[in-house]
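> Listed below are the residues making up each chain.
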Amino acid sequence: MSELDRNAKRSRLSAPSLRRREFIVLGAGALLGARSAEAETPPPPSGRRGQVIVGLSQEPTVFNPLMPGIEVDESVWMNVFNALWNPDPEGNLIPELAAEVPTVENGGISDGGLAWKVRLREGVVWHDGEPFTAEDVKFSLELINSPGFRARTRQGHSLVRDIVVKGPHEISWRMEKAYSPYLALLANTFIVPKHILGKASDPNTAAFNNAPVGTGPFRWSERVAGDHISFVANERYFLPGPYLEKAVFKYIPDLTALYAQFRTGQVDLTIGQGIPANFYEEAVKLPGRKVVANPSGNLEIIMPNLELPALSEKAVRQALYHAINKQAIIDVIYYGLHRPTESFAPKESWAYNPNLPPHSYDIAKANKLLDDAGWKRGARGIRQKNGVPLEFALSTTTGTAIREQCQQLLMQDWQQIGASMKINNMPAAVIWGEFYVRSKFQALLVGTAFRTVTDPDPATRFSSESIPVKGGSGGNYMQYVNPEVDRLLAAGQTSFDRQERTKIYHRLQEIVRDELPILPIFQYAPVEGYKEGLVGFRPNINARQNTWNMSKWYWAR
Amino acid sequence: MGSFLARRVGQAGVLLLIVSIIGFSILHLAPGGPLSQFAATGDMTQEDLDRVARQMGLDRPLPVQYAEWLWRLLQGDWGVSYRDKQPVLRVIGSHLGATLELMLSSTLLAMMIGCWIGVLGAIRRYSVFDTLATVGAMIALSIPTFWFGLVVIYVFSVGLGWLPAGNRYTIGDGSWSDRLHHLIGPCIVLALVSTAVWSRYMRSSMLDVINHDYIRTARSKGIPERRILFQHAVRNALLPMITIAGLHLPTLLSGALVTETVFTWPGMGRLFLDSIGYRDYPTVMGILMFTAMLVLLGSLLADLLYGVADPRIRTA
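Chains as they are written, first to last, in my numbering: chain A, 1 to 557; chain B, 558 to 873.
Hints are computed from structural coordinates only; laboratory data are not their basis. Don't take each hint at face value.
As the list claims (entries may be wrong) - Here are the simulated SDA-like pairs of lysine to any residue, each with C-alpha atoms no more than 20 angstroms apart in a straight line:
(1) K285/A to D607/B
(2) K531/A to G716/B
(3) K470/A to K422/A
(4) K246/A to P781/B
(5) K470/A to V715/B
(6) K642/B to K246/A
(7) K642/B to T502/A
(8) K642/B to S201/A
(9) K285/A to L631/B
(10) K642/B to N204/A
(11) K642/B to K531/A
(12) K642/B to E71/A
(13) K290/A to V715/B
(14) K642/B to N209/A
(15) K422/A to E465/A
(16) K531/A to D607/B
(17) K531/A to V715/B
(18) K440/A to P309/A
(19) K642/B to V388/A
(20) K194/A to D162/A
(21) K642/B to P295/A
Said to hold, decoys possible - Residues from chain A that keep clear of chain B, each with C-beta distances beyond 12 angstroms, as calculated:
(22) E71
(23) E90
(24) K117
(25) P131
(26) I163
(27) I252
(28) L258
(29) L356
(30) E404
(31) L534
Computed from a prediction, not measured in an experiment: that's the story for all the values here. We treat Cβ as the ideally placed atom computed from N, Cα and C, and that holds for glycine.
The whole structure should be built from the sequences, with the hints applied where relevant.
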């Protein structure tokens, strides 16, 4: 059983920490450090030198970037393949396989968002020497929509019609409806080679899926299953770099063992889940290592099931929210690292609304809210209204000790306002199955994100058309329904104007903050570490993993 | 001999079928499935998840899925791993080497030291050595492996820097000495517990033997104590060890879940954990059948070897 727990622990979304004050200092320091370091950093080597060993707590196993995979698989994809464009830490899309990012201004997107035209970069070759052309892009988009292919997601892609190759380096298509998040979805869609996958009898089982050929900075070298994957530099990469000769992704499933290997220097970096919170204070003092808390787009939230009578009333959720001692959770349980938040959008997003009413821990106010709403204290001090007791179970992944502590704090706080919470935890493979996607939970404590890749559009999480258990498609598992939200979400998707969209998403965040279909606790900032002397490591909240710019890494010597 | 073998193989077939039905049922009746981790990341919509489940055939009734799996297995097709996208047999094969290396070395070490401690404890029963060995064995058996593994890493890798903190070899090196260096830590951790087990078995087996009449006869004939011990006592005391070794065979190849995880050892134990966590049905079923076969093979081998070693129970 302890083995299963261990495994469950591995599959949870995020974790670690650092004290709040230190974090702010570190955050600012890291930024300043990056700036000033750039001035002093040694220039990249002229050739390709050395290797880097990246320690990962999950094993990448999916190498066809169009098939279902998890975040750690993307570490491989973004180094072996390229997308048309890629977001930088500020959220700007930087062209990769495309020569420029299509916009309304440059004419790439026209006809009210229905016509798209992309000019592609010339002189790009696949790792096997074949030239990259618009045919590859057309093939990739069509493969995603082909009926038999186990595509990861058709979100956005299913709107694409009439793909036309207008020349070796120009492609155009039409969209069934205007859909601005498609730009971000394409940044996460890696282009695969037509000359290889096109010939495979079944792309689901092609040999390519275990020996990928891409256009990216690193070429696939070998994989020792259960242990590591190695890559060699792509000498013909079309962008500057890579400067490393070799890169290795080492799989170390136990976070404590991963930290030990980071300490002893057997791995050069530890990213993703990174360094467990309890080692943070020790880790920052390690000689020859740099340890930084890097904000991620994931939020720790309480997700109520809004169809549960006890949780369907806004006043109840507001009262529960007021009775959460957020600061205690962050400081005591999470070593003070993560930043409390009021929004579903990460603070770094251009759509983030900084003017949301701040949360206050106020038991008296919570009690008053419930009194006013007609919830009367009954037997054992538990409130009731119209025969419905204020009772529910809060579930999370078993074995995540840190979340279990959080549950206990919540239980104590909510007891004070006459709300009875029970703990009902399950292993990861169970909780994220039917229980989650068919909305069978009463409330969840979960780390998740509310955006479309890097686009701020949260339609799949908040739209009334995204409730699977009501026949919808999406991830609105709390079953939130609000006509104004639906209207705003639709307007946000059809607009390509950032100012206009910002206004829409600011309003959306106000509504969500008021109605609390999710109770936000904090935004994660996992602790990552690397060896001193490694130049070019740059956290990117808009990338899935901080190996996003591995082509720019090198060792100072 | 021939009919004995045929009977055993027949029994094994029936047992394997039962094991597969129970295993398949438990695995599939447990809530969750191979797609739940994708639901957790939120990147795939429900439509995507349903479509992939359909494409993978996960939406069909369980008996149909079982029948298909069994039919393929009978034809030698163990299926393709959901997690690794490779044939299950190849996935198992790629993890066997690491496990065999670790388990064989630690078992040999444990058997040698354990048997020696057991013999010594038996002939000097209730001596200081015997008492220490007994207490030591109890302590070793009670120490949780994951804790002891972490202590070994903390002391010898992080503190003293003598041993690597896990892995099977240094990536890019992989020389004989490098592999041996990496083997020491996990080998000690695993050997500790099994040494205790072996020493207890050997001690009781030896105690049993030295009270027999033929030992007294040998003594009365004036045979030197050394010869009595090694030619008469130890040889007979080792007989039950054959059975234990035979039953130990599956452990050799199924790996050590905890030690392999703590020491980042890419063996079968880790593969099993990863596959269970992923709900990688074909691989879990493959490992289950593989281990069940080993258990049956191990006990068959033990019976046959017993007959070879002990003429009294040789099967006609």
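> For each hint, tell me whether it holds in the structure or not.
Tested hints:
1. For a cut-off of 20 angstroms, the pair hint linking K285/A to D607/B is broken: about 48 angstroms separates their Cα positions.
2. Note on K531/A and G716/B: the hinted pairing holds, with a Cα-Cα distance of about 19 angstroms set against a maximum of 20 angstroms.
3. Pair hint K470/A plus K422/A does not hold up; C-alpha atoms about 27 angstroms apart against a cutoff of 20 angstroms.
4. Between K246/A and P781/B, the direct Cα distance comes to roughly 66 angstroms. Violation of the 20 angstroms bound is thereby established for this hinted pair.
5. Distance check on the hinted pair: K470/A and V715/B sit about 54 angstroms apart at the alpha-carbon level, beyond 20 angstroms; violated.
6. Annotation: proposed proximity of K642/B to K246/A is violated, straight-line Cα distance about 25 angstroms (limit 20 angstroms).
7. Annotation: proposed proximity of K642/B to T502/A is violated, straight-line Cα distance about 42 angstroms (limit 20 angstroms).
8. As the CA atoms of K642/B and S201/A are separated by approximately 16 angstroms, the hinted pair is consistent with the 20 angstroms bound.
9. The suggested pairing of K285/A with L631/B is violated, with an alpha-carbon distance near 58 angstroms, which exceeds 20 angstroms.
10. Proposed proximity of K642/B and N204/A is supported: the alpha carbons are some 9 angstroms apart, at most 20 angstroms.
11. A distance of roughly 34 angstroms separates the Cα atoms of K642/B and K531/A; the hinted pair therefore is violated under the 20 angstroms criterion.
12. Between K642/B and E71/A the alpha-carbon distance is near 17 angstroms, which keeps this suggested pair within the 20 angstroms criterion.
13. Under the criterion of a C-alpha separation no larger than 20 angstroms, the hint pairing K290/A with V715/B is consistent with the structure, at around 18 angstroms.
14. The hinted pair formed by K642/B and N209/A meets the criterion: a straight-line CA distance of about 8 angstroms does not exceed 20 angstroms.
15. Distance check on the hinted pair: K422/A and E465/A sit about 30 angstroms apart at the alpha-carbon level, beyond 20 angstroms; violated.
16. For the hint pairing K531/A with D607/B, the CA-to-CA distance comes to about 43 angstroms; that exceeds 20 angstroms, so the pair is violated.
17. About 16 angstroms separates the Cα atoms of K531/A and V715/B, which keeps this hinted pair within 20 angstroms; it holds.
18. For the given pair, K440/A sits about 14 angstroms from P309/A by alpha-carbon distance, which is consistent with the 20 angstroms threshold.
19. Proximity of K642/B to V388/A is assessed by CA-CA distance (about 49 angstroms); at most 20 angstroms being required, the pair is judged violated.
20. Distance restraint check for K194/A and D162/A: the Cα-Cα separation of roughly 18 angstroms lies within the 20 angstroms cut-off, and the hinted pair is therefore satisfied.
21. The straight-line distance between the Cα atoms of K642/B and P295/A is roughly 33 angstroms, outside the 20 angstroms bound, and the hint therefore fails.
22. Under the 12 angstroms C-beta cut-off, the non-interface status given to E71/A relative to chain B is violated; the minimum distance is some 6 angstroms.
23. For E90/A, the requirement that its beta carbon stay farther than 12 angstroms from each beta carbon of chain B is met, with the minimum near 22 angstroms.
24. Under the 12 angstroms C-beta cut-off, the non-interface status given to K117/A relative to chain B holds; the minimum distance is some 27 angstroms.
25. With 12 angstroms as the threshold on Cβ separation, the claim that P131/A sits away from chain B holds: the shortest Cβ distance comes to roughly 28 angstroms.
26. Every Cβ of chain B is farther than 12 angstroms from the Cβ of I163/A; the closest lies at roughly 21 angstroms, confirming the non-interface assignment.
27. I252/A, annotated as away from the interface, has a beta carbon of chain B within 12 angstroms; the closest lies near 5 angstroms.
28. Some Cβ of chain B comes within 12 angstroms of the Cβ of L258/A; the nearest lies about 8 angstroms off, and the non-interface call is violated.
29. Non-interface status of L356/A relative to chain B is upheld: no Cβ of that chain comes within 12 angstroms, the nearest being about 22 angstroms off.
30. Non-interface call for E404/A relative to chain B: holds, since the shortest CB-CB distance, roughly 18 angstroms, exceeds 12 angstroms.
31. A cut-off of 12 angstroms between C-beta atoms confirms that L534/A is not in contact with chain B; the least separation is 17 angstroms.
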